[in-house]
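Going line by line, the protein sequences match chains B and E. According to this note's numbering, numbering within the first sequence proceeds without interruption in unit steps and concludes at 360. According to this note's numbering, numbering within the second sequence proceeds without interruption in unit steps and concludes at 489.
No lab work stands behind these hints, which were simulated from the structure alone. Mixed in with the good hints there might be a few duds.
Unchecked claim - Where chain B lies over chain E, by a calculated footprint (3+ residues, C-beta under 8 Å):
| # | region |
| --- | --- |
| 1 | 96-107 |
| 2 | 132-142 |
| 3 | 207-213 |
| 4 | 251-258 |
| 5 | 400-409 |
| 6 | 443-456 |
Unchecked claim - Sample of chain B residues with no beta-carbon within 10 Å of chain E, all distances over it, derived:
| # | residue |
| --- | --- |
| 7 | Ala192 |
| 8 | Phe234 |
| 9 | Ala236 |
| 10 | Glu237 |
| 11 | Glu296 |
| 12 | Asn302 |
| 13 | Ile317 |
As the structure is a prediction and not an experimental result, all values here were calculated from the model. Where a beta carbon is used, it is the ideal one built from N, C-alpha and C, also for glycine.
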Amino acid sequence: MRDAGKVWKYGDDVNTDMIFPGRYTYIPMKENEFGKYALEDLDERFAAEVEPGDIIVAGKNWGCGSAREQAVKTLKIRGVQAIIAKSFARIYYRNCLNEGLAVITCPEAAELLNDGEQISIDFKEGVIIRENGDKIAFSPYPEYVKGLVECGGIIPYVQQRLKERETKGRME
Amino acid sequence: MGKTFAEKVLSLKAGRSVSAGEIVVVEPDYCLSHENASHISQIFQKIGAEKIWDPSKVVIVLDHTIPCSTEAYANSHKIIREFTSRQGIENFYDLHLHGGICHQIMSQEGYAAPGRLIIGTDSHTGTAGAVGALAIGIGRSEMAAVWTTGDIWLRVPETIKVVVEGQLQEGVYAKDLILYLLGLLKADGASYQCIEYHGSTIENMSIGERMTICNMGIEMDAKASVCRPDKQVFLQVASKAKKKEYQYIWADEGAVYAKEIHIRAEDIVPAVAKPNRVDNYSPVTEVCGTRIDQAFIGSCTNGRLEDLHVAADILKGRQIKVRTIVNPASYEVLHAAVNDGTISTLLEAGCTVSPPGCGPCIGVSGGVLGENEVCISTSNRNFRGRMGSRSASVYLASPATAAYSALCGSIQDPRMFKKGGYV
Chain B
189 MRDAGKVWKY GDDVNTDMIF PGRYTYIPMK ENEFGKYALE DLDERFAAEV
239 EPGDIIVAGK NWGCGSAREQ AVKTLKIRGV QAIIAKSFAR IYYRNCLNEG
289 LAVITCPEAA ELLNDGEQIS IDFKEGVIIR ENGDKIAFSP YPEYVKGLVE
339 CGGIIPYVQQ RLKERETKGR ME
Chain E
67 MGKTFAEKVL SLKAGRSVSA GEIVVVEPDY CLSHENASHI SQIFQKIGAE
117 KIWDPSKVVI VLDHTIPCST EAYANSHKII REFTSRQGIE NFYDLHLHGG
167 ICHQIMSQEG YAAPGRLIIG TDSHTGTAGA VGALAIGIGR SEMAAVWTTG
217 DIWLRVPETI KVVVEGQLQE GVYAKDLILY LLGLLKADGA SYQCIEYHGS
267 TIENMSIGER MTICNMGIEM DAKASVCRPD KQVFLQVASK AKKKEYQYIW
317 ADEGAVYAKE IHIRAEDIVP AVAKPNRVDN YSPVTEVCGT RIDQAFIGSC
367 TNGRLEDLHV AADILKGRQI KVRTIVNPAS YEVLHAAVND GTISTLLEAG
417 CTVSPPGCGP CIGVSGGVLG ENEVCISTSN RNFRGRMGSR SASVYLASPA
467 TAAYSALCGS IQDPRMFKKG GYV
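Chain E extracted, bound-state conformation (with noise of 0.2 Å):
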């Protein structure tokens, strides 16, 4: 019988064959945090750690609250500092040229890669699957307890088969087929399950929009996403890797899958999640016309290169109607921006450039909401309160979608861009 995706990397971490249901011992290749690790620290040493098992397999990366606008947030990321320099943890990425969003971070500097267990103190750490990783997040605790003894028990996940097959229409981008499988499956629909993305449309597509999508699946509760990891791939983790140790593992022919879904690329259309539900899902053809107080691009599920590219095409040249916050997902995507003219179209178009980080999202700087506003985001929740105040409405759309309504002052359809229908 045929094994999936992640019963593979399990088997092969456990050292045995296993499957769906069964439970693993198992040391990760990575195990990711972000300001968390500041609390994580504290666990570590109340547990009466010393020094953590491996500091060569723990990855910290600031995020969450940079650059620090409070003397908290400050003295959060001091005790980190000082907790990675005395602990010998050399993948510390602090406010620098490479560091960023911490899954962004993943990808980009080669901690994800296929065949690897990766385990987060986030709930996207998921993200890394686009590359062929199993990405699993955790809580803080337990992330304390992995850092001292090397292991984690895991149940070999169910796996949900979604085959996409065919070619996104013009001004539909991943996002909005991630947005329809989460209108389809429901907030709780892939709960325990690890989802395993084929068919052409997937394999088309950059490793960014892969990550996208990935970066979306705990929005359906799913433990884990993944997409077979293909040529670019083992190129962008080979230029970055400083371990060899990853290798190609992909389902069988014949694995057991708890259920198959087939989606028709040409049947995706541009879409929001309306709020307060991620699986609020609905054709952007409903909502044309919702008034908007802030566009805000960015982020760990749309802030890459080729997000910030999908805009500024929509924007040059011409002028925003309401304040747009743009939030690239690490400083390198930031710089390649400002290299390639990015940053100066959008600047011109009236945008907000923000640094790398996840503040807008979390409703924790730089670009939070008031009361009643209503803002199109490219980021991955839309829950009540959390970019702002409560009664705000957040609607998520992709990049296209949200330059083309920031352009118009309210959401509209990015297809009629293409037809010429900016006015």
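With the rest of the complex left out, here is chain B (with noise of 0.2 Å):
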């Protein structure tokens, strides 16, 4: 279990936009540059004070709009532990199990929670537990991409497909 991180909380449908702005998308940028932007046309304190760990939770439909990875990655970066919400826009959702960001999809601790508590999370037993002791259960992921989470992400996970393939090629 991680340490506990500190709860930011968001509404619904927080787009990818407000995530990280489309002014930056295309600009090439070197991979601990893309923290700076993070949430900036949703919450400008968000930048200048997360700290590694930290944990967002939000309502239904986080991530709706783009495909941009930058919106994972800006938060990831900041070191971000997970991001809990009542439900995630699927390309979303998929960047991150891609970029090996946990989310967990639980309306229950998406409604509970309040802004700037301290939780920690036990991903092994699906608990999200409170300063008071308090616990929220949550459902893990889903079979099929456990493979794909375990590894980290998805550049590890087809590394490894690709490792599969030569040690399958050369037996052969």
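Hey, can you piece these two chains together into the complex? The hints should help.
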């Protein structure tokens, strides 16, 4: 289980333009630069104050809009530990799996958790633990993405697949 | 039991009968990317891959930052040109007569075709559903993986059946219909699902109108949107497609749907999506008189020749009251609009005609908004800050509503134009 992190709470339908504005999307950047613009059009405090390990808690349809992966990367690079939401936009959810950023679909937690509170997440047990010890259970990832999640994202996952192919090729 | 369109395409690709909820690993027919190909190529190299699994299945179109307004953009284009040349990617669309906005190019150049599976690193990839393809947006790291392995995992989506019957009224367009549906289903109303469009209204539409409809599926978080391919589609595809592997696929009678929605075309009125949400539907009559600083007519949603014709019919012989940016969806559209006099009409009315590309729609170039400015736009998103300043407001509307509003200097009902209401 990772250390506790602070909750940043947001509402429904937060779109990718708010998470990572289009005006920066096509400017080539070094990896560490992506973090500067995190949530710039949603919450100006965020990029200035977010700490590694913090957790975003959102309403429904987090990450709707563009397919831009920077909207995941910008949070990952700032050390966001996980995003908990009532629901995720499809491409955003997929991008999180591919980038190795933990995503938890849990309407109950999204309802109950408060902005600024400290929570920790036990991914193994599938529970969110609040400061007062209260626990909120969440469903694990669907079976078919577990391999991808365990690898930590699509790049290591594909590298592993390539290696397997190579080994198989050699054995034949 | 009958199957939906998505179930049938994915069954064919997977080589076995599959239903909604199942996972398939399939090879796409085409993989579309734009400027993000620059970064994808770097991830591709990071993976350690050398050659793309099949360069003939990769399509790359420069559109988001054309023509380049900064050195950084130009350098990014350079990386893409070198990469496509090194990898032998022939389906590369640079600034050229056959180039333009990628979703327009997919249809115009015959990559989008019935029964094909298309994936693209752009959320509006679903536009290709207008010609009966199953077209799905993904992120760029995943595209690097697909370039490497030639396959992608997909969950077979459930489907929403939307049936639209009847005739759209004077002054009412495909854009008004999709804005209405968005207001009904909301921004997450089709999440993880495919939307199938049925009914006489859709059957009577041009390919361009269907593209407007399918383009905005993602605004309801649809995984894909699709219209039944008909004779006009097969004629277009036959004249353009480099590969002949495509086929008519459509939902079976008795397919099982997650939801069915029935709409009477006669009930649709000229509409807008008010700031800053795509699903913030309002009949235009409720916002008439709203001041505007700019009108934007174009984009992958409404930048086709027929859209420019609608605008030109309204603007002909008159003068705009606010700056009006016209942005054709492709060079071919621009060329045709020059040849048939449409561009002259627009210029004489005071419009600024910009080269094809995504610039204004994503706030990158060629029509960006300043503080507290208001724009009526035919594009697909009105998110806060998308077209420039965070304090700017964008109303989404049809080309007719945008053009008529440009003439009046405020948002107005395009039906008034036909009634001679122009002053």
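Inset, instruction - Enumerate the violated hints, using their earlier numbering and listing them in ascending order. - result: Per hint list: single violation, 5.
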